[in-house]
Amino acid sequence: MENLISLWASSGVAQIEFGQIVMMGVGLGLLFLAINKGFEPLLLVPIGFGTVLANIPGAGFDAMPIYDAMGQMESPGGLLYYIYHAGIETGLFPLVIFMGVGAMTDFGPLLANPKTLLLGAAAQVGIFTTVLGAVGLSHFGILDFTIQEAASIGIIGGADGPTAIFVTSKLAPDLLGAIAVAAYSYMALVPIIQPPIMRALTSPEERAIKMVQLRSVSKTERIVFPLTLLMLVAMLLPDAAPLLGMFCFGNLMRECGVVNRLSDTTQNALINIVTIFLGLGVGSKMSADKFLNPETMGILALGAVAFCIGTASGVLMAKLMNVFAKHKVNPLIGAAGVSAVPMAARVANKVGLESNPQNFLLMHAMGPNVAGVIGSAVAAGVMINLVGNM
Amino acid sequence: MENLISLWASSGVAQIEFGQIVMMGVGLGLLFLAINKGFEPLLLVPIGFGTVLANIPGAGFDAMPIYDAMGQMESPGGLLYYIYHAGIETGLFPLVIFMGVGAMTDFGPLLANPKTLLLGAAAQVGIFTTVLGAVGLSHFGILDFTIQEAASIGIIGGADGPTAIFVTSKLAPDLLGAIAVAAYSYMALVPIIQPPIMRALTSPEERAIKMVQLRSVSKTERIVFPLTLLMLVAMLLPDAAPLLGMFCFGNLMRECGVVNRLSDTTQNALINIVTIFLGLGVGSKMSADKFLNPETMGILALGAVAFCIGTASGVLMAKLMNVFAKHKVNPLIGAAGVSAVPMAARVANKVGLESNPQNFLLMHAMGPNVAGVIGSAVAAGVMINLVGNM
Amino acid sequence: MENLISLWASSGVAQIEFGQIVMMGVGLGLLFLAINKGFEPLLLVPIGFGTVLANIPGAGFDAMPIYDAMGQMESPGGLLYYIYHAGIETGLFPLVIFMGVGAMTDFGPLLANPKTLLLGAAAQVGIFTTVLGAVGLSHFGILDFTIQEAASIGIIGGADGPTAIFVTSKLAPDLLGAIAVAAYSYMALVPIIQPPIMRALTSPEERAIKMVQLRSVSKTERIVFPLTLLMLVAMLLPDAAPLLGMFCFGNLMRECGVVNRLSDTTQNALINIVTIFLGLGVGSKMSADKFLNPETMGILALGAVAFCIGTASGVLMAKLMNVFAKHKVNPLIGAAGVSAVPMAARVANKVGLESNPQNFLLMHAMGPNVAGVIGSAVAAGVMINLVGNM
Amino acid sequence: MEVTLIAQGLDLMLFGMGTVFTFLTLLVGVTHLMSATVEFLSPAEEINVKAQGSMPPLNPKIEPNIVKAIQSAIDQHRGR
Amino acid sequence: MEVTLIAQGLDLMLFGMGTVFTFLTLLVGVTHLMSATVEFLSPAEEINVKAQGSMPPLNPKIEPNIVKAIQSAIDQHRGR
Amino acid sequence: MEVTLIAQGLDLMLFGMGTVFTFLTLLVGVTHLMSATVEFLSPAEEINVKAQGSMPPLNPKIEPNIVKAIQSAIDQHRGR
Ligand code: NA
Ligand code: NA
Ligand code: NA
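Chains as they are written, first to last, in this note's numbering: chain A, 318 to 707; chain B, 318 to 707; chain C, 318 to 707; chain D, 389 to 468; chain E, 389 to 468; chain F, 389 to 468.
Worth flagging that the hints you see were computed from the coordinates, not collected in a lab. Be aware that a few hints might be false.
To be verified - So the derived label-pair ranges between C-beta atoms look like this: (1) C:Asn577 <-> D:Thr410: 15 to 25 angstroms; (2) E:Ile394 <-> C:Ile322: 17 to 27 angstroms; (3) B:Met381 <-> C:Glu671: 14 to 24 angstroms; (4) B:Ala517 <-> A:Phe349: 19 to 29 angstroms.
Unchecked claim - Below, simulated PhoX-like cross-link-like pairs (lysine-lysine); rule was C-alpha separation at most 25 angstroms, straight line: (5) A:Lys354 <-> B:Lys536; (6) A:Lys636 <-> A:Lys527; (7) A:Lys536 <-> C:Lys354; (8) C:Lys536 <-> B:Lys354.
The model shown is predicted, which means the values in this text are computed figures rather than measured ones. Positions of the beta carbon are idealized from the N, C-alpha and C atoms, including for glycine.
Whole structure, please, built from the sequences with the hints as guidance.
And the structure:
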C-alpha cells in the first residue's frame, strides 16, 4: 500500500504543476516548428526535446548532484544539469560550435569584395537599438530588465545562435532559454521577416542592379585572412577573441589544406555532438518560472524588432555606399548582413531574382552574410566589455 | 642499488596479489569469449581489457587524484578513475548509449502490431522473479544481498546492458562489474539459452503459426510515437524518464528526417566513443575484492535463471494472448520480449523456420524485441522508485 | 568617456607586453612551419594557434574560473584553462591519442622480425644521454634544470609526441610548451636530421644490404601480441602501463576484427577531436614567462642532440647485430628506431634506395619504427618510476 | 529484518510487475489511439515505408545500383 | 537609477556601434592591404578556387550510406 | 646537491637503458615464443595478410583524385 502511495506520489500526474504542462506544450510546439515547418531543426529539435525533459516533474533531469561530508557522491545529478554546467555555463559548447562554423565558412566572397564588411557592420544597428528598446521598457516600468539582460536581448538581433548563447550565458543566464529560442526562431523566420522590409526600402531599379563578377581569391589569401582577423581582434577587442579566435581557428583548419582530417571531424562529428548537447542544455533553462513571464513576451517582441531594424540598416547602408561607390552594390545584399548564414543570403538571391531573373546575388550576398557573423561577435565583445563595467 | 630496489619494488611481479592474477585471467577470458566466440564484442572487448588494466598492480589506472591544501593537483588520477566517475557514477554514459540505441531502433514493427508490447511486458517477469530469488538466498543465509543489490541483479534479466548499468550504478555500484558482465554474457548466450525453452513450451503446430502480414506504418506515426511514449512516461513513471527520455530523443532524431546529421553522429561516432569508455569504466569495477566472492557466483546463477524465466514468460504470454485473439500470434516471438536486440528476434526467426521453412518471423519478432527494451526501462524506473524508499 | 577609457584600457594594444608579441610571433612561426613546410601539421597547427590565443592580452583564454563562497560560479574559466586541466594535467588526452595510435599501428613487420625490437631499444640511448647533458648543463651552472626537468627534456629524443607530453605533464608541466614544440619540430625534421648521420656511420656496401623478405604473420599472432606486450608490461614495469596499455588496447581493437566500428571511430573522430584539443592545450603553456628564457634554447639544443644520438645508436646497434646475425640487417633501418612513425621508416627507405635502387626497406624499417614507440614508452615508465623517488 | 527483505522482494514483484503491465497495456491503447488519430488527421499521407518489406536497420543495406555506379567510376578512373 | 539605465543603454549604443564600425572599417582596409601584400609577394600563384562558382559549403556531407558504399567499393577494388 | 644531480642523471642513464634493453630483449624472446605457440596451436590457419605486401596503415585516407572521381560518379548517379 505504502508502495502504491510512493508510486502515485512520485508519478507525473500527481506532481505536475500547471507551468510544467504549459512548458511541455512549448517544447512540443518547438518540435512541431522544427519538424513540420523546418525551423532551424538542428538546434530546435534538441532544444524542444530538452524543454520537455526539463519539465517532467520528478524526473530530475536538472537535479544537482548531492555529496556527503566526505565529498563522496550520494546521488548523481541529472543529465541536463551536467550538460548545462560543463558545457554552457563554462562557454565551452558555443565556442566549439563557433570553431565548427568557422570550419564550414567560405570567406572567398568576402575577400573578393571586402567593402561588404560594412554591410555586416550596419546590420548590427539592430542589436543596439534593441538594447535601447529593452532599457526603455524597463524605464517606463512596463517590463523589468537589467542592463545585462538588455544587452543579451539585443544580441538576438545578431541572428547568430552560438553568439547569443555565449553572451547570455555570461550576462543573463536566467534568460538563456527565452533568448536562444527567440534567436533560432527568428533565424528560421528570415524568409518571412526580411522580404517585405527589403522591398519597402528599395526601388525595383535598385533591386535589379547587377553586380560585377567577383574576382578569384587565392589560397594564400584564404589562409592569411583568418590570421589577420585574429590579430586585429587581439589588438583591438580581446573580449571578442574567444568567439572570433575559435571561428578563425576553424577557418584556418579548413583553408590551410594540411589538416583536412581535423577539419572534417570539426565540421561533422564534433559539431554534431556538441550541437545535440548544446540544444539539450539550453532546453534545461526552459523551466516555467524562467520562461512563463511577461519578460519572455517582451524578449520575443524585441527580438523581432531587432531583426527588422538589422535588416533595414543593412539595406540602407548598401544604398548609402552606392552614393559614393563606383561599382554599385545591389542593396538587397545588405539584408544578408544580419548573418543567419546562409538563409539570409538565399533570401537576398530570391528577392533579387524577382526583379531581374538573370541576376544571381547568392555569392555576392555571402560576403555581408559572413561579415554579419564577424560583426555580431564584435558587438558581443563590446557588450561583454562595457556591461561588465556597468 | 636503491634504484634497482625501487624498480623491483614497483614491478608487477613483486606486488601482484593472487586475486589480481585471477582477475587478469577473467579479463583475458572475457576477451577470448568476445573475440573467439563473438560474445557481444562491442562491450566485452572494452570490459575485458579494462578488467586487465584495473588489475595491473601499481599501474594506478583506478587511482584517485591527490590535491594539496590549496586545491592544486599534486598527482593526477588514473584513466579508469576519471572514466568511472565522470561517465558511469553520474549515469551519463548509459544515457548517451540509450540515445544512440534509440537512434538505431525501428519502431515500425511495433507500431504495426502494438499488442506485442504485452509480450515485452511479460518477459520482465524474469526480472522480478530473480529479485525474489536473490532475497531468498539472502534470507536463508546462503548469500548476502541487500534489497538494492537484489534489484540490480534482477535487472540482468532485462537483457539490456545500458539499463542494467544505469540501475546498478545507482543502487549497487560495487556489483557493477559482475552485473554488467553477466548481462552482456547472457545477451550473447541468447541463441543457446532460449531455443530449448521455446521448444519445450510450444507444440510444433504453435511454432508453425503464420502471422498476418504487418501493415505499413506512416512517417507521422513514427515521429509521433516517441513523443507519445515520452508523455506517458512523464505522466506515470518519471523515474523511468532519464532512460526512456533519451531513448525517445534518439528515436525522434532518427525518424523526424530533418536532423539526419545529428542522428548519424549519434549512431556512429558518439555511441562508439561512449561505448569504448563505458566498457573500460565497467572494467574498472572488476577488482578481485568486488568480483571474486560467492556473491558473483550467485549473480551469474541468478542472471541465468532470470533469462530463462523471462523467455518462458514471453512465450507463455503469447500463448495466453492466442486464447483471446482473433489473429493468432506465433508464441516463439514472445521469447523476443526479453530484448537482447536483435539477437532474440533472430533466434525466434530461426526456431520458427525449423517448423515451417516458409514462415519468416523476424519482423514480427522485432515488435516484442523493442517492447522488451521499453519494458525493462519501465521496470528499472519502478525499481529505482521503490527501492529508493525501502 | 569612461566607456572609451574602458574599451581602450582593455584593448590588446594598451595591455600587450613585449613577451606576448614575441610569443604571438612564435605561434605564427609554428603555423608557418606547419602549413608551408609541412612540419607535423596535425599537431603544430593547433599548438601554434593555441600559442597565439594564449598570448592575447586580456582575452582570458587561460583564466581560472572564479567561484563565490557558496561554490556558485561567478565567472567561467577560459577555454584553454578547461582543456589543459581536464585533458592534459590529468594525462587523459595523451592516453587517448596513444589508443588511437595503437589502432593505427600495424605490428606485422615487427612480428615477422622481432629482433628489430633491439633497434628500437638502442635508439633510446638518445633519451638518456640527453638527460645527462641536461644535468651537466645544470651542474656547470650554464642552465638550471631539476632532475624532473632533465628527464622530461630527454624524452624529446623518444620522437614520440604523446609520450613526451604525458611524461612532461607529470614531471615538469612548466616546460610542456617548449618540450612539445621541440618534440614535434624534430619529428618533422627527421628527413633533414637523419640522413647525414646515417650516411656517416655506414659504408655504401652496408647501405646496399638486401634483407630477406618478411614472413607472413597470422591473424592470431596479431591479436595475441598486444596482449602479450601488455602482460609483460604489467609484470615488469607498471609505470609504463598507462601508455602501453592504451596503445595495446587500440591495437587489439584494430586486429581482433570484431569491433571494427570502435576501431574506426578511434582512428578517426576520436583521435581527431582529442588532437585538436591536445594541441590547443599545449599552446596554453606557451606563455612568455615559460618559453622566453635561456632554458628553452637549451631544450631545443638538447632535443636536437637527443635525436642525433638516438639515430646514431640505432644504426650502430644494427651494425653490432650484424656481427652476430646470420641474416644481415641493413643498418639504415636502425635509424627508424627513434620512432617518428612513419617518417623515420620512409627516410630509411629513401636513403637505402640511393645505394641500391632495387632495395625497398620500408616494411623492414617499420619493425624498428614501432619498436621505437614501445621503447620510448618503456623509457617513460622508468623515468616516472625513478624520478618520482629522487 | 530478514523477513522484511523477503517482504520487500515480494512488494517489488507485485508493484513492479503491476506497473510494467499497467504501463505497457496503457501504451498499447495509447498507441492504437495515436495511430488512429494520425490516420484520421492525415489519411492521404503517402506510406512509403513498408514495415514487412524492410529489414531491421541494424545492417543498413547499400543500394546495389549505387555500388555498381561507383565500381564503374573507379574502374574508369583506374583505366585512365 | 532608471535614468542611469537609459544612459547605460545609450552608452552601449554609442560605443557599441562605434566599435563595430571602427573595427569592420579597419578590417576592410587591412583586408585590402593583406590581399595586395599576398598578390605582391606571390603574384603567379595559381588561382584554382573561383569564388563565383562555388556553392556555400553548408551541406558538405555525402549521405553516410553512400559513404559506406564507396568505402566498400574501394575495398573491393583494392582487392582486400 | 649538484653532484647529486649528476649522480641522479647517471643513475637514470644506467637503470633506464638497463630496463629498456632488458625489457625489449625479453620481448624479443617472448614474441618468438608467442609466435611459435600460435603456430603450434593453429598451424593450418590461413595466412591472408602478407606483411611484405601491405602498406603501413598510417595514411588510411583515400587519395584525393580517387575521392574526386567518386564524387563525380555520385553526382552523375544522382542526376545532378
Ligand atoms: Na550577425
Ligand atoms: Na528487456
Ligand atoms: Na621512440
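Outcome of the hint check:
Taken as a hint, the range 15 to 25 angstroms is violated for the pair Asn577 of chain C and Thr410 of chain D, whose Cβ atoms sit roughly 42 angstroms apart. Checked against the hint of 17 to 27 angstroms, the pair Ile394 of chain E and Ile322 of chain C passes, with Cβ atoms roughly 21 angstroms apart. Separation of Met381 of chain B from Glu671 of chain C is about 55 angstroms and departs from the stated range, judged on CB atoms against 14 to 24 angstroms. About 50 angstroms separates the C-beta atoms of Ala517 of chain B and Phe349 of chain A, a value inconsistent with the hinted range of 19 to 29 angstroms.
About 15 angstroms separates the Cα atoms of Lys354 of chain A and Lys536 of chain B, which keeps this hinted pair within 25 angstroms; it holds. A C-alpha spacing of about 14 angstroms is found between Lys636 of chain A and Lys527 of chain A, which places the hinted pair at or below 25 angstroms, so the restraint holds. Pair hint Lys536 of chain A plus Lys354 of chain C holds up; C-alpha atoms about 15 angstroms apart against a cutoff of 25 angstroms. For the proposed pair Lys536 of chain C and Lys354 of chain B, the alpha carbon gap of about 15 angstroms is at most 25 angstroms, so the pair holds.
Checked against the numbered hints above, the structure violates hints 1, 3, 4; every other hint is satisfied.
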